[in-house]
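Peer 1: For the record, the sequence lines run as chains V and F. Here the first sequence is numbered in my numbering, starting from -18 and rising by one per residue. Here the second sequence is numbered in my numbering, starting from 140 and rising by one per residue.
No wet-lab data here; the hints were simulated from the structure. Think of the CB as a built atom: it goes at the ideal place given N, C-alpha and C, for glycine as much as any other residue. Please note that the accuracy of each hint is not assured.
Claimed, not checked - Some but not every residue of chain F turned toward chain V, in silico, with C-beta under 10 Å:
1) S143
2) M147
3) F150
4) T151
5) G157
6) E158
7) A162
8) N170
9) F193
10) K194
11) G199
12) A200
13) G214
14) D218
15) G234
16) W255
As the list claims (entries may be wrong) - Derived lysine-lysine pairs resembling DSS-like cross-links, with alpha carbons at most 27 Å apart:
17) V:K368 with F:K145
18) V:K169 with V:K198
19) F:K213 with V:K355
20) F:K172 with F:K215
21) V:K355 with F:K269
22) V:K76 with F:K172
23) F:K145 with V:K371
24) F:K226 with V:K368
25) V:K294 with F:K213
26) V:K70 with V:K59
27) V:K269 with V:K76
28) V:K257 with V:K234
29) F:K260 with F:K145
30) V:K369 with F:K172
31) F:K182 with V:K369
32) V:K103 with F:K172
33) V:K40 with F:K145
34) F:K260 with V:K269
35) V:K31 with V:K114
36) V:K371 with F:K182
37) V:K40 with V:K198
38) V:K103 with V:K59
39) V:K91 with V:K76
40) F:K145 with V:K369
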Amino acid sequence: MIYLDNAATTPVRPEVFEEMKPYFTEHFGNASSIYSIAKDSKKAMDKARKQVADAIGAKPEEIFFTGCGSESDNWALKGTADALSKKGKHIITTKIEHHAILHTAEFLEKHGFEVTYLDVDKYGFINIEELKKAIRDDTILISVMFANNEIGTIEPIAEIGKIAHERGILFHTDAVQAMGHVKIDVNKMNIDMLSISGHKLGAQKGIGVLYKRNGIKISQLIHGGAQEQQQRAGTENIPAIVGLGKAAELAVKEMDETNARITKLRDKLINGLLEKIPYCSLNGHPSKRLPGNVNMSFDFIEGESMLLMLDMKGICASSGSACTSSSLDPSHVLLAIGLPHEKAHGSLRFTIGRENTEEDIDYVIETLPPIVEKLRAMSPLYEDFLKKNKQ
Amino acid sequence: MEYSDKVMDHFTNPRNTGEIPDADGTGTVGNVKCGDIMKMDLKIENDIIKDAKFKTFGCGAAVATSSMATELIKGKNVDEAMDITNKAVMEALDGLPPIKVHCSCLAEEAIHAALWDYSQKTGRKIKGLKKPVNDIEELHLDD
């Protein structure tokens, strides 16, 4: 099996799993308890908190462990909205955010908040001038994703943060896809809040982080016990926290080397497919994209059909086609960058991870062209296109 | 989401793909917006559907329902063809995931569109057949 869906999730790294193991059966204590095995848990958690903090240039007390990236996004938006509703009820975000942001923003709209969804250009970049124009006196939060999950576009985060701070507005970024793949420094980049998800970088599923700059007060999302500095209740998931700490540390330590290797594979895959398959195109920016992200549209055919055929050949990928979701609309991200519906339906996303090899990429470049050919042979769109070309 | 073995069989080895150059009835339904387009050609002699071919732009379920619909319709007379409903196609495929049911509706509509075309050309009335709502006269790739 060739796994090329690392933006969906990643396997837990063996080094990470090793680090987690003792905290399932041996050091299982509840970190809130007083006896010594609980102290082990507390110590392990402190270490992990520092590892995550170091990975993004933050202080340990600014790291809050959550249940997942979606919770972090929900907390940042709902918590800010609730805490600052007296100051203002306007939030700025983008049209290409993950649903954890978009659906939370829509929820807030139902509760009296106004949300501006910024457009993006054909590469997926927001326009800084438009952002400036969108800012109002009652704007309380700007939330722009660090890197897009579908097309890999890396937004000008430091610049956005600077603008937010000049206007005294909080800045949150969903860094779920960027974490571990792009250098992050919350201070240099003027980031007030940042969401992380463990399973995207070799830790387990069900663990996330919200980085929250010292001094920023937002309302609680999960109420209950006094965990996480009395700001996020719930018994800490120690093994997952330990794993995330280790994964974050490793990712940052190995980033330059891993990125250089993965970027090479990415460009090889993009160029190989562009060369071998007529009527296909790259979605997103050629270079300002995540190292492992390849997103391409193949004209006249539909994504799910390609995915099923790739799966039969042992290749795991994903698509922005409506048929791979529960709605009839294709990816909101691909529509936002201006793709017509049929190109969005005909998209494939390959996300390369640290375990992929050059042989994997060669195999995809070899396997996909006949699949595209087979599907085009039974596509009425292709038939129509050929007839028109003849005329 | 999981497809039945029959769906996967018809997706992997679709029956009756292609065109009939001298088709007696042709219908194209669906649109690029929702990501499914089905074109069906019928060869009809003495009211009997002698041959059926399809071309489909769409997901696995769309291809499989097109394939199964052409299988079911062949050999039927044009009145009997009206019995090939989306339910019949779905049942023949051992079911579809709930979000894919609309694909089977498209197969039924493609049959109706092709029969309508035949009926228009020949004047042969087919009981229960109505003008297809989303028949596409011409495909516009750029809209």
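Peer 1: All hints are to be evaluated individually against the structure, with a verdict given for each.
Peer 2: Hint by hint, here is what the structure shows:
1. S143: This hint is violated: S143 (chain F) lies away from chain V, its Cβ roughly 13 Å from the closest one there, beyond 10 Å.
2. M147: The hint holds - M147 (chain F) has a Cβ within 10 Å of chain V, the shortest such distance being about 8 Å.
3. F150: F150 (chain F) check passes; min Cβ-Cβ to chain V is 6 Å, inside 10 Å.
4. T151: Interface hint status for T151 (chain F): holds (7 Å vs cutoff 10 Å).
5. G157: 8 Å, holds
6. E158: The hint holds - E158 (chain F) has a Cβ within 10 Å of chain V, the shortest such distance being about 7 Å.
7. A162: 13 Å, violated
8. N170: This hint holds: N170 (chain F) lies near chain V, its Cβ roughly 8 Å from the closest one there, short of 10 Å.
9. F193: Interface hint status for F193 (chain F): holds (8 Å vs cutoff 10 Å).
10. K194: 4 Å, holds
11. G199: At about 5 Å, which falls below the 10 Å cut-off, the nearest Cβ of chain V leaves the hint on G199 (chain F) intact, so it holds.
12. A200: 8 Å, holds
13. G214: The hint is violated - G214 (chain F) has no Cβ within 10 Å of chain V, the shortest such distance being about 22 Å.
14. D218: 27 Å, violated
15. G234: 17 Å, violated
16. W255: Violated, about 17 Å.
17. V:K368 with F:K145: At roughly 33 Å apart (the allowed maximum being 27 Å), K145 (chain F) and K368 (chain V) break the hint.
18. V:K169 with V:K198: Within the cut-off at roughly 21 Å; holds.
19. F:K213 with V:K355: Holds, at roughly 24 Å.
20. F:K172 with F:K215: 32 Å, violated
21. V:K355 with F:K269: 34 Å, violated
22. V:K76 with F:K172: Roughly 19 Å between the alpha carbons, so the hint for K76 (chain V) and K172 (chain F) holds.
23. F:K145 with V:K371: 38 Å, violated
24. F:K226 with V:K368: 34 Å, violated
25. V:K294 with F:K213: 32 Å, violated
26. V:K70 with V:K59: Within the cut-off at roughly 11 Å; holds.
27. V:K269 with V:K76: 19 Å, holds
28. V:K257 with V:K234: Violated, at about 36 Å.
29. F:K260 with F:K145: 35 Å, violated
30. V:K369 with F:K172: 21 Å, holds
31. F:K182 with V:K369: Distance of about 25 Å is within 27 Å: holds.
32. V:K103 with F:K172: Given that 27 Å is the threshold and the Cα spacing comes to 19 Å, the pair holds.
33. V:K40 with F:K145: Judged against 27 Å, a Cα distance of about 57 Å means the pair is violated.
34. F:K260 with V:K269: Violated, at roughly 56 Å.
35. V:K31 with V:K114: 38 Å, violated
36. V:K371 with F:K182: Holds - the C-alpha atoms of K182 (chain F) and K371 (chain V) are around 26 Å apart, at most 27 Å.
37. V:K40 with V:K198: 16 Å, holds
38. V:K103 with V:K59: With a Cα-Cα distance of about 30 Å, the restraint between K103 (chain V) and K59 (chain V) is violated, given a limit of 27 Å.
39. V:K91 with V:K76: At roughly 18 Å apart (the allowed maximum being 27 Å), K76 (chain V) and K91 (chain V) satisfy the hint.
40. F:K145 with V:K369: Violated. K145 (chain F) to K369 (chain V) sits at ~35 Å, over the 27 Å cutoff.
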